[in-house]
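Novice: Given these sequences and hints, build the entire structure.
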Amino acid sequence: MLGQDVLAALPGVILLAGALLAGLSRRPARAVGRSLAAQRTACALTAALALIVFFGGRIDGVLFALDRLAAVVALLTAGISLAVQSYARRYMDGDAAIRRFFRDMGLMAGAILTMVTAANALVFAAGWVGSSLALASLVAHRRTWPAARAAARRTALFLGVGDAALVLAALVAVAAFGTADIATMAAEATARAGEPAVLAISALLVVAALAKSAQLPLAGWLPETMTAPTPVSGLMHAGFVNAGGYLLARFADLFVAQPVLMGALFVIGAATALAGSLAMLVQSDVKRALGWSTVGQMGFMVMQCGLGAFAAAIYHLVAHGIFKATLFLGAGSVVQEVRDLDNAPAARVKGPLGVLPAVGFGAAALAVVALPVLVAPATVLSGPGLVLASFALLASLHALVVWTRHPRGLAVALWPGVLAVAVGLLVYLGGTGGMVLLLGATVPPLPATVPVVYVAVPLVFAAALILSWTGVPRPFRGLRDRLYVRLLFAGYRPAGGGHDTFSHRLDAV
Amino acid sequence: MATETLDQTTTAAAAAPALTDAIDRAGRKVAPLWPLRHFVAVNPYFGLADNSFTEGAIAMARAAGARTTMPRAYYAEAVRSGRITDGDLAEALAEAPADVELPTDAAGVRALLDDDATDAPVDPTVADVAARVTRRDWPRLVTESVSFWAAGYFDQGLASWPAPGQGLDPFAAWRAEAALDRGPEIMGVKGFRAFVAGLPEDWRAAAAELTAELAVPAGGLDAYLHRLAMSVGGWAAFARWRVWESELYGGTDDTLNAFVVVRLAWDAALLRALGAKGVSDAWAEAKPRLAEPAPADARAATALDVVLQAALEKAWQRELVAKFKEPRPAGPPSRKAIQAAFCIDVRSEVFRRALESVDPEVETIGFAGFFGFPIEYVPLGQTHGGAQCPVLLTPAYTVREQVKGASEPEETELLGVRMLRRRAHKAWKAFKREAVSSFAFVETIGLGFGAKLVTDTLGLTRTVAHPSADGLDKAVVDRLGPELDRREYGGRVVGFPPADRLAMAEAVLGAMSMTENFARLVVLAGHGSTTVNNPHATGLDCGACGGHTGEANARVAALILNDPDVRTGLKAKGIAIPEDTVFVGALHDTTTDEVQLYDTEQLPADHAGDLERLKHLLEAAGKRARAERAPILHLRDGTAVDDGVAARARDWSQVRPEWGLAGCAAFIAAPRDKSRGRALDGRAFLHSYEWQKDQGFGVLELIMTAPMVVASWISLQYYGSTVDNAVFGSGNKVLHNVVGNLGVLEGNAGDLRQGLPWQSVHDGDELIHEPLRLSVVIAAPIEAMNAIIEKHAMVRQLVDHRWLYLFAMDDDGVITHRYAGGLEWTRLGESGGAAAVEAA
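Chains A and B are the protein sequences, given in the same order. Numbering of the first sequence is given in the working numbering, commencing with residue 1 and proceeding in unit increments. Numbering of the second sequence is given in the working numbering, commencing with residue 510 and proceeding in unit increments.
It is worth saying that the hints were derived from the structure and are not from the lab. Among these hints, one or two may not hold up.
As the list claims (entries may be wrong) - Here's a subset of chain B near chain A, in silico, CB distances under 10 Å, partners left out:
{"#": "1", "residue": "1012"}
{"#": "2", "residue": "1247"}
{"#": "3", "residue": "1272"}
What the hints assert, rightly or not - Covered stretches of chain A, as calculated for chain B (at least 3 residues, CB under 8 Å):
{"#": "4", "segment": "59–66"}
{"#": "5", "segment": "426–440"}
{"#": "6", "segment": "464–470"}
Ideal Cβ placement from N, Cα and C applies to all residues, glycine included.
Specialist: Here's what the structure looks like:
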């Protein structure tokens, strides 16, 4: 057993050790070198362990373990952390606090890996809290900057709520179950679902997940963390905020037996998904827009958990992590992105396709859409399946509308558009389905039904979508502008107190 | 009480025109900020050029809390290391203003080296006063609130949901939004929404009401408004740019004025909300300071800092003068094998020296990189393009990008493909960014970004396609080039009429002092940079081309100078270009020091050998130039330099792809043989100029009113970003957050940032840019220069108020005179500085 413990814990330990060595290095170049060496080793090791888990079986220790769920998330964290640190090596060159930076980045990734590989609730909580502390330090990277210090305080405060809830949950769990072993808790959860202690543990875990994943009403801290250097945002949006989703999946057996909590997750997740995405739309700066987008995406992930679609949530978490890290690291390119250039003279738009190819495309598209329904009707046509599929359909519809909106666009673009959307749907369903297969029994299966009232959520999103096409009707424009202002300043509260009239004068750049 | 308010309002309304003028004056003290899509250097002290450097420093300290010199310790170090001599100090003291109390000699200055500098105190705003009284950070609340709103208002397409008031003037737009914002009230600004809603929609009327409420002392209004503008200085600078653009094209623009009133409204709102808490009394007590001069001790301390700065500059000038000590009489004119004209940009100096050192048969020429062709260059598939000329000018011609050798149908076809790809990109982006579809997008495509993350990290892919190449295949991109034919295209007249071609060719050759001894090959090289994921990328491109690469201008110039009709016309005007002379357009990549040649397929067959020779020379020169730049790029290993430089240009995480114009310190307008072979370390703008060929000194006038001014803008941008990066620079690149597709914020919020990132002047260990005002050296008769200084108020302000230094070079290439102000010149050697030259 000890060997298995060591094996499962090793990637996290290597990162933590690398971080400490980096912090202790005297020369910046050496700190960076040590940190990156640890990152590479940990990433390679995680990949090897993941292969063992996928093709062999669970690595099962007392305090640390690696199952398929943990392997997927560990691989994501180690991979993104390596990419982000490789980026930071040159990006942060010449920074006065570069050693501290690499130390904290390593600590954050190491703490997350510790949490991911934990088999014990107390170890899990230690990793969880550790990553929060490392992040707060990184948000205040430029210690002399009042705005950064204020943002760090805020981050620590919001995350502190979740961290306290988690620690409390772990302690109550030890008292109630007589053990901190997560697998034991999960095994007994269903049978003991009616006990107040189990409900309390589950509720505290929900609070912890909501804070970490920046869900309403604890969302405001996330868009304010941009006082941290860009690579921090890369790692944070890919490995840190989605820890809420990992917690929900890891302790899923506790929640599925608590319909009220599942309902709460669904509602809060859906509300955050909508609010976060709307707040993203009004942001005029790229990093806050990305930040609010993450809030919305995490809302979607939590909503998926609320539906009981844990595999889908993990898939979302992974896909979003990679996606968002790439966008953050490339955020400096936004100026060069192509703008609308439809004013081109003399561009000959190609005529409509011939009838035969059109019919062919159409048939292919329909087949592609129909395929998943034929292959896995039970999944796709179940209650949660339909709610999730409705989002995919709305998105497809939107893509199609935007694509064909050009005055001459419909004739040109309809069939290629339909085909692209169909392929997209296939990838989407394939990805989700693939994750279901990959995770196997490590997460509970999709429930067969959900309350009918859940259909209200896709309807609200559909309404929002239609408004985005048509514009808001005149009588409601006052309301729209009010909403704009609310969203623009959402989450923004400069810290009062500190009399620092010319705070910027004191900054060391 | 009611009567009193009424009276004040009536008085204020009557005084409205004077008030509007005051607002306008305040706005004009703000230097404009160009958007990132064509980011050009601006002198941050632009609006203060009518003050002496010392007075400008005091004004900036009062309005923005800015420092205009380095910390005292920086100079102390230079004095102690012997870099600044007592002679330099004495000379600087002699030129200091007489109305401040300063030490009488160098020893006196030395005694004050360890004193903490006393800056002039910042002028008060209500927000500042309220912060002191209530101990809460109101200035930050105000700046950030204004900045949030302004980001939406000025946004150039970043937000998917545009701000509702974009069609209104800034004040009306702000008023409509702020009246809905509960935030300030939650923060403690009671009655904020009602106050805002009660203001007139017209900014002039509102300003009258607001200034009446604030009861600003009459003599302090200008200072107060300047202070308000600078408290949101980044956005004010962007609004100033809008005014600049409008006025350049003959219009007028209220944007900045209306914007300043927004800030005024905030002060009045704070006074109304917090007045009873002691802010009223504190404001009444503080505001008389607005009308008073800065305290004498602060004036003296600032003047001393300026003396130390001047001494540092004298030390540098001593070294510069020494480099030109050996007389170099003009040799007999001869025909070179190759001539290559580069932009005056300091980065060209390194490359030009390298090129000439590779082959003595090469002569290089320096000229503003737009080669005298102010064009609007319309990219393929658009109807409008960027202005590719110095920002002081407007484009005189519109030039269209074409696909060379493509028939009309083929081009239409290619355009169609480009449009289709762009539409797909747009749909893609909408899919990605819309509130509803973004979730499914992530699940569909998110994993695919894993591959992009890897290839972007390895530098194999670019984060996004370069705007000039997007939607086109590589083979097509290689065929893109300017079309000169005069015709109508997309509803616009493009190209050059034949008569204009001749006139422009004659003008540009004259301006380059290039009227005889043409080589067989004459290269005209514009310049551009290659960087990835760099918001300030266009800042590394050619400023003389308005923040674009100089490719199009160089190619247009070469094509026109190769035009047989133009050649015939030139001959008639006395400029005989030999039959076998061919002009070649080129682009010098300042990041990699590679030179790309264009349109070489049009060269006559018997020039193939020359072309081969040229290519080899350019390659060898590039290698030398890279090797020279290697140490400051921290590329020390000899063999890896070329690869290292290339890797930097592709690296999405590189914050210092190249050093831009860091180090720039001198501007030299003289024949190249005077500076040839003299290692100027990439610190000098080199403009070719032979006064003997300049009848009526028209070219000299052009040089002193355009390139010299632009060079001083660049030098002062670097200067400001170095001495006070928090105010005049854009801060730390690793915190940059692109806002509105037009500028950057640092982190979440705060004001829009201007100037250069700290990484562009500092390598983490030391300053790479030494902050020095520009030293201009011109080889021309002093009387001719005086006539131009006298004629142009702008030039006179720059030289008389010490925003730059002016020197005269004699016909032997020796720097002989220094401009002393008031059209007086001092012969070097009569003063201490020159004595030091003799000693050195």
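Novice: Evaluate each hint against the coordinates.
Specialist: Outcome of the hint check:
1. Hint on residue 1012 (chain B) is violated. Least Cβ distance to chain A is approximately 29 Å, over the 10 Å limit.
2. Hint status for residue 1247 (chain B): holds, given a least beta-carbon distance of 5 Å to chain A, under 10 Å.
3. With its C-beta approaching chain A no nearer than about 6 Å, residue 1272 (chain B) sits inside the 10 Å limit, and its interface hint holds.
4. Counting residues of the segment 59–66 of chain A whose beta carbon lies closer than 8 Å to any beta carbon of chain B gives 0, which falls below the threshold of three, so the coverage claim is violated.
5. Beta-carbon proximity to chain B at under 8 Å applies to 4 residues in the segment 426–440 of chain A; the threshold of 3 is reached and the given coverage holds.
6. A count of 3 residues in the segment 464–470 of chain A with a Cβ less than 8 Å from any Cβ of chain B is obtained; the coverage claim is therefore met, three being the minimum.
Hint check: violations occur at hints 1, 4; the rest are consistent with the structure.
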